[in-house]
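Asks: Letter by letter, the chains look like this.
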Amino acid sequence: MTLSLQDLPSTEVRPQTSSKSQVRLDIIRSAFSRRSMFRAVGVLSVSLGLTTLQSVPGARPAMAAPSTWWWCRDYSGHPTYSEPWKWCNPNGSVDGYVGTSFCVPGGKYHRTDSRVRDGVRYEYFRRFSSCADKNAWRWLRNEGPNTGPRNVFCSDGRFVARRGGRVIFRHPSVCRRHDRKKFNF
Amino acid sequence: MTVEAKTTPSLRCTMADGSTVVLDVPGFQVNDIWNQRVIVRRGKVDGRRPDAAFNHEFNISPRGNARGLMEHLLAADVAQQISMQGGTLLVAHSRERETQGIAVWEGRWHEMSTLLLPGEKDSDALSLFDGLLFDDTPDGLQVRPTADRELGVMVAEFATGVEGVGEVEITPATASLAAVPQWSGARVRAGEVWRVDLTLDEDPRPQYGLRLASRSAVVNVIPTDTGDAQQREPLRFLDELRSLSWEQKGATS
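Listed in order, the protein sequences are those of chains A and B. Just so you know, the numbering used here puts the end of the first sequence at 717, numbered straight through with nothing missing. Just so you know, the numbering used here puts the end of the second sequence at 1283, numbered straight through with nothing missing.
It should be emphasised that the hints constitute simulated quantities derived from the structure, not laboratory data. Worth double-checking, as some hints may not be accurate.
[To be verified] Here are the in silico distance ranges between beta carbons for each label pair:
hint: 1; chain 1: B; residue 1: Arg1125; chain 2: A; residue 2: Ser565; range: 48 to 58 Å
hint: 2; chain 1: A; residue 1: Asp645; chain 2: B; residue 2: Gly1073; range: 34 to 44 Å
hint: 3; chain 1: B; residue 1: Ala1177; chain 2: A; residue 2: Ser562; range: 45 to 55 Å
hint: 4; chain 1: B; residue 1: Ser1157; chain 2: A; residue 2: Gly696; range: 54 to 64 Å
hint: 5; chain 1: A; residue 1: Lys552; chain 2: B; residue 2: Asp1165; range: 35 to 45 Å
hint: 6; chain 1: B; residue 1: Ala1259; chain 2: A; residue 2: Pro547; range: 32 to 42 Å
All of these numbers come straight from a predicted model, not from anything done at the bench. Positions of the beta carbon are idealized from the N, C-alpha and C atoms, including for glycine.
Required output: the full structure, derived from the provided sequences and hints.
Replies: Put into structure tokens, the structure is as follows:
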């Protein structure tokens, strides 16, 4: 056992004495040197992709960002949007089972506990990187794509269902809250 | 997919786009039920609308995952069921007015599903699978577009669980470069490791996740308990990780 939490560098705060990440350089070199990558997506799209990732506000690991993120991406033009799912949907689709039952009771973040219902044990996890490397995001009424009647706070997660200790199914899930005053967003 | 220890990797799975994810960590039990997030892009990106507006997201899992959702969470009944490409495509709607439905193609070993808006038409649900060719094998489900040049299949993430550790979410390294700090992480056999601060504004207790980057993949570890005193097994998992890779189809590296 050599790793300890206290000794690990943070993803958000650069240590006072630090060297460049070698694995990061390897990833960049690999992206530009692999023939299959060029065949698959082309030089231009790789370059644009890497550049874009670096320029997304809040996606920069060096940024000491708050734990909430209000603008993930702009999906206002999605043709299949329908109320109310769009507000808690960073991936531009209807995937993710959305609802308040996935929230910490009385809180605005995705729950991380477990509970048993009808003989099935549900374990909940809070994903921390799904929305521009953040867990949560908010849509404020009349800001960005939210032209709906309410402000919305979303926190991303996943649940795992077990019976007799064995995993029987699993799926992404999203906690959604509406009351801005009550939940402070 | 195979789940074995000792001489073979803990996990090797063929992704929808033909790429392969390998996780080799002896002594840990990797769940054999997993989620693969797949994005199908339809139409030509025109710059006038967000790229994501052309996307629809699906979940690929071992067969039976969607049936569990239908039975235990969605309270859904099957409305349409048709045979398609050696499998079955079915559409199910919830008996509860505001709960999502689900459409799923079930193959022999795996399935590809997407949740539906409440009340979504069956014809619209079925059309989400238009132009997709399925090749299901024990190693994984590959999904290819037909000759339509304006249809693309991309894999965004592979997620599963490790007993005693928590959830692991794996992404291709090039797509996750922004999540890899510019400064060095702690060096382990499989790559470099950082801690991710997950402390919340509504709960001041320190909470952490872990991130490891290898040359071809990034893995986020979401511990079963994110408290700072509960990280022993997640840290041991990353320390013991022999290799983590996400190799593109036909890669020569």
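Asks: Evaluate each hint against the coordinates.
Replies: Right, here's what the structure says about each hint:
no. : hint                             : verdict
1   : B:Arg1125 / A:Ser565: 48 to 58 Å : holds (54 Å)
2   : A:Asp645 / B:Gly1073: 34 to 44 Å : holds (41 Å)
3   : B:Ala1177 / A:Ser562: 45 to 55 Å : violated (31 Å)
4   : B:Ser1157 / A:Gly696: 54 to 64 Å : violated (39 Å)
5   : A:Lys552 / B:Asp1165: 35 to 45 Å : holds (41 Å)
6   : B:Ala1259 / A:Pro547: 32 to 42 Å : violated (23 Å)
When held up to the earlier numbered hints, the structure conflicts with 3, 4, 6 and fits the remainder.
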